[in-house]
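Undergrad: Model the full assembly from the supplied sequences, consistent with the hints where possible.
Numbering that gives the first Met the number 0 numbers the first residue of the sequence shown as 0 and each following residue consecutively.
Hints in this document: simulated from the structure, not taken from any laboratory. Note that this is a predicted model, so its numbers are computed, not measured. Quick reminder that beta carbons are idealized off the backbone N, C-alpha and C, glycines included. A couple of the hints might just be wrong.
Label pairs and their computed distance ranges (CB to CB) [unchecked claim]: (1) Arg19 - Gln99: 16 to 24 Å; (2) Arg15 - Pro134: 15 to 23 Å; (3) Glu95 - Phe158: 42 to 50 Å; (4) Leu114 - Phe158: 14 to 22 Å; (5) Ser79 - Phe32: 17 to 25 Å; (6) Ile150 - Asn103: 25 to 33 Å.
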Amino acid sequence: MFRAMYDWVLRMAHHRHAMRGLAAVSFAESSFFPIPPDAMMIPMVLARRDQAYRIAAVCSIASVIGGMFGYAIGYFLWDSVGQWLVGVYHMETKVEALRQGYANYGAAIILVKGLTPIPFKLVTLASGFFAFNFPLFVILATITRAARFFIIAALLKRFGEPVQAFIEERLNLFAWGFLILLVGGFAAIALL
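TA: Below is the structure:
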């Protein structure tokens, strides 16, 4: 199963709409979609190392724009869509603790959580809900998302061939590890 998906993404990396697809996934992940763009970005960079920084830039820009959309959901649509999304992730009891965290450590929360497997959409929704300073939110989101995607792109560009061989030899292990990190990110949020 994982081999077929991996091979499909590698083939799609050369498709004329690959960047648009990556941008759409990156945008959606920052506001409502559960799958991080890394699942698409990493195979794309491995397939097109000459485009590594362009891929990272598309991913970063779309993620920040998606983050702005997530912020808007939290800020303007909290009573309907925002509360529903929090319910989907079982965060109802955590909202007050998050409010205090944002009051004291909002900038650090955005910077750190933007680099981790914890779903970034939760940060964007919370930033809007707690009315975190919007221009500062955009700056911090840009820093953390660009750092994440450009570090990945730089490492894959530099060490791509051995990394690709290593991943392909252990594809199932990496795929299961990715799924565990994804589920772990959601579980960490639920346990906070």
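Undergrad: The structure should be examined with respect to each hint, and the outcome stated for every one.
TA: Comparing the hints with the structure gives:
no.: 1; hint: Arg19 - Gln99: 16 to 24 Å; verdict: violated (40 Å)
no.: 2; hint: Arg15 - Pro134: 15 to 23 Å; verdict: violated (35 Å)
no.: 3; hint: Glu95 - Phe158: 42 to 50 Å; verdict: holds (44 Å)
no.: 4; hint: Leu114 - Phe158: 14 to 22 Å; verdict: holds (20 Å)
no.: 5; hint: Ser79 - Phe32: 17 to 25 Å; verdict: holds (19 Å)
no.: 6; hint: Ile150 - Asn103: 25 to 33 Å; verdict: holds (28 Å)
This entry does not satisfy hints 1, 2, going by the numbered hints stated previously.
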